[in-house]
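Residue numbers (UniProt numbering), protein chains in the order written: chain A, 1 to 259; chain B, 1 to 259.
Wrong hints could be hidden among the right ones.
The list treats identical chains as interchangeable, and a pair is accepted whether it falls inside one copy or across any two copies.
[What the hints assert, rightly or not] Derived SDA-like pairs (lysine to any residue); straight-line CA-CA distance at most 25 Å: (1) K11 - D29; (2) K183 - C70; (3) K23 - G158; (4) K82 - E28; (5) K157 - H205; (6) K11 - C71; (7) K82 - Q159.
No lab work stands behind these hints, which were simulated from the structure alone.
There are 2 protein chains.
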Amino acid sequence: MDRSAEFRRWKAQCLSKADLSRKGSVDEDVVELVQLLNAQEQFFTTSSCAGRILILDGGINGFEIQKKNCCWLLVTHKPCVKDDVIVALKKANGDAVLKFEPFVLHVQCRQLQDAQILHSVAVDSGFRNSGITVGKRGKTVLAVRSTHGLEVPLSHKGQLMVTEEYIDFLLNVANQKMEENKKRIGRFYNCLQRALERAALSNSHPQIKEKSHPSYTHKKKRNPEKADGKGTGEENAEELENGGDHPGIDDVSTFPEDA
Amino acid sequence: MDRSAEFRRWKAQCLSKADLSRKGSVDEDVVELVQLLNAQEQFFTTSSCAGRILILDGGINGFEIQKKNCCWLLVTHKPCVKDDVIVALKKANGDAVLKFEPFVLHVQCRQLQDAQILHSVAVDSGFRNSGITVGKRGKTVLAVRSTHGLEVPLSHKGQLMVTEEYIDFLLNVANQKMEENKKRIGRFYNCLQRALERAALSNSHPQIKEKSHPSYTHKKKRNPEKADGKGTGEENAEELENGGDHPGIDDVSTFPEDA
Numbered sequence: 001m002d003r004s005a006e007f008r009r010w011k012a013q014c015l016s017k018a019d020l021s022r023k024g025s026v027d028e029d030v031v032e033l034v035q036l037l038n039a040q041e042q043f044f045t046t047s048s049c050a051g052r053i054l055i056l057d058g059g060i061n062g063f064e065i066q067k068k069n070c071c072w073l074l075v076t077h078k079p080c081v082k083d084d085v086i087v088a089l090k091k092a093n094g095d096a097v098l099k100f101e102p103f104v105l106h107v108q109c110r111q112l113q114d115a116q117i118l119h120s121v122a123v124d125s126g127f128r129n130s131g132i133t134v135g136k137r138g139k140t141v142l143a144v145r146s147t148h149g150l151e152v153p154l155s156h157k158g159q160l161m162v163t164e165e166y167i168d169f170l171l172n173v174a175n176q177k178m179e180e181n182k183k184r185i186g187r188f189y190n191c192l193q194r195a196l197e198r199a200a201l202s203n204s205h206p207q208i209k210e211k212s213h214p215s216y217t218h219k220k221k222r223n224p225e226k227a228d229g230k231g232t233g234e235e236n237a238e239e240l241e242n243g244g245d246h247p248g249i250d251d252v253s254t255f256p257e258d259a
Numbered sequence: 001m002d003r004s005a006e007f008r009r010w011k012a013q014c015l016s017k018a019d020l021s022r023k024g025s026v027d028e029d030v031v032e033l034v035q036l037l038n039a040q041e042q043f044f045t046t047s048s049c050a051g052r053i054l055i056l057d058g059g060i061n062g063f064e065i066q067k068k069n070c071c072w073l074l075v076t077h078k079p080c081v082k083d084d085v086i087v088a089l090k091k092a093n094g095d096a097v098l099k100f101e102p103f104v105l106h107v108q109c110r111q112l113q114d115a116q117i118l119h120s121v122a123v124d125s126g127f128r129n130s131g132i133t134v135g136k137r138g139k140t141v142l143a144v145r146s147t148h149g150l151e152v153p154l155s156h157k158g159q160l161m162v163t164e165e166y167i168d169f170l171l172n173v174a175n176q177k178m179e180e181n182k183k184r185i186g187r188f189y190n191c192l193q194r195a196l197e198r199a200a201l202s203n204s205h206p207q208i209k210e211k212s213h214p215s216y217t218h219k220k221k222r223n224p225e226k227a228d229g230k231g232t233g234e235e236n237a238e239e240l241e242n243g244g245d246h247p248g249i250d251d252v253s254t255f256p257e258d259a
């Protein structure tokens, strides 16, 4: 079968459909990025969230329950103030949890190589838990995932377990993560533009293709020993602390502030 | 180049090296799984962590600092008791954070198809943020990632921001996540065994290959509309709440308790 034709068909079908999201539109902070991606013949976005702070009234004992049964007490894509949280928590009956969910984006890619380039852009921009999915019909999707979350139980059986002072402190942390998340989205947009320029250049000058590969040039190893090491123990897993777990792409440079 | 030969070389090199992890050995709860994977010619593990509760004395204002500067106040792969946490927090100077880091595993795969099968096993077992990385030399690694974390700021500039009662409650949540995490590792082991049996069967009976593909049979769509929808807004991203963000593999069945 002609993969390119099938991809074009998928893309047309996807982009022609109504936005089925609750909000019904792309989040403000990622509109430009989504547009840039959808303007490329080799990509289209299938879902996105710019990042948000939310409070869920979840199941008892810290276990989340099905979304359909799970009550959202608060959702915001903007910095959050204490009073909104206090008001929201008054409505809790179960175990309410405050979460910061960072930027997430799913991009269907024409072929694996396109996904590889986008994956490198994502990791270089600080989205170190990004990964590729290849479905049965060759449907290739890059999930851009950050590691920059927060998940804080706040109430048990509807009863608040923390002080207002703590909520103030927590929101300060959450709002700063929101700020950093925004910076990373901007970084991703800029890295993507450069990568697309290089790719275009390499297509017009195939002889410099290798040089033009953003993902494969000028990489720093964060930890050469580790990169070579067996590391079946915790060593590589310790990367999680720094919000990344990418021994598979240890040749990809990362940002100090992520580490 | 002969990909299989190169893969065998990589595997021999990796498994012959000393375990460079701080612990110097594979975590008890994943030894069997790691052994099962490394016994397959198409796989080898490059890092693993069974899951752990840790307290980090991080940077001020909720931003983590480089691992080398980041002080571990407590790390345990077993359920955690309040007194240990209280003692650990007394040593905090900065912003201490309690984290539950679930199971993470990195598996280098001989070829993309091997990674696809393992990816489906991982997602079917509840590890819904798993993803594939393909490096420049075709190095193909599946990162098995859960979504079952916890990240809770506990102290600011060395000062405890929560009550002991809250810490008790929080540890109850963390320990339950640890339990659920163990169950998922067992589920992953069993799903993997079945997938390997099917793959072996399909190799001996190529005519039933399609049927034998664990990743491509008996799948339920969690949400067909969503799967087909543009969903560039929050709809798909809402999956995050349930700990998954896999529109790219929406044809893969998931476990109710994950949703």
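Against the structure, the hints come out as follows:
1. Only within a single protomer do K11 and D29 lie at most 25 Å apart by alpha-carbon distance; the minimum there is 22 Å, versus 43 Å between protomers.
2. Proximity of K183 and C70 under a CA criterion of 25 Å is satisfied inter-copy only: 23 Å between copies versus 31 Å inside one chain copy.
3. In this assembly of identical chains, the alpha carbons of K23 and G158 never lie at most 25 Å apart, being 27 Å within a copy and 41 Å across copies at closest.
4. Within a single copy, K82 and E28 get their C-alpha atoms as close as 23 Å, which meets the 25 Å cut-off; across copies the closest is 43 Å, which misses it.
5. Proximity of K157 to H205 under the C-alpha cut-off of 25 Å is found in neither arrangement, the shortest distances being 64 Å within a copy and 55 Å between copies.
6. Taking CA atoms no more than 25 Å apart as the test, K11 paired with C71 passes in neither setting, with 33 Å inside one copy and 47 Å between copies.
7. In this homomeric assembly, K82 and Q159 come within 25 Å of each other (Cα to Cα) both inside a single copy, at 17 Å, and across copies, at 20 Å.
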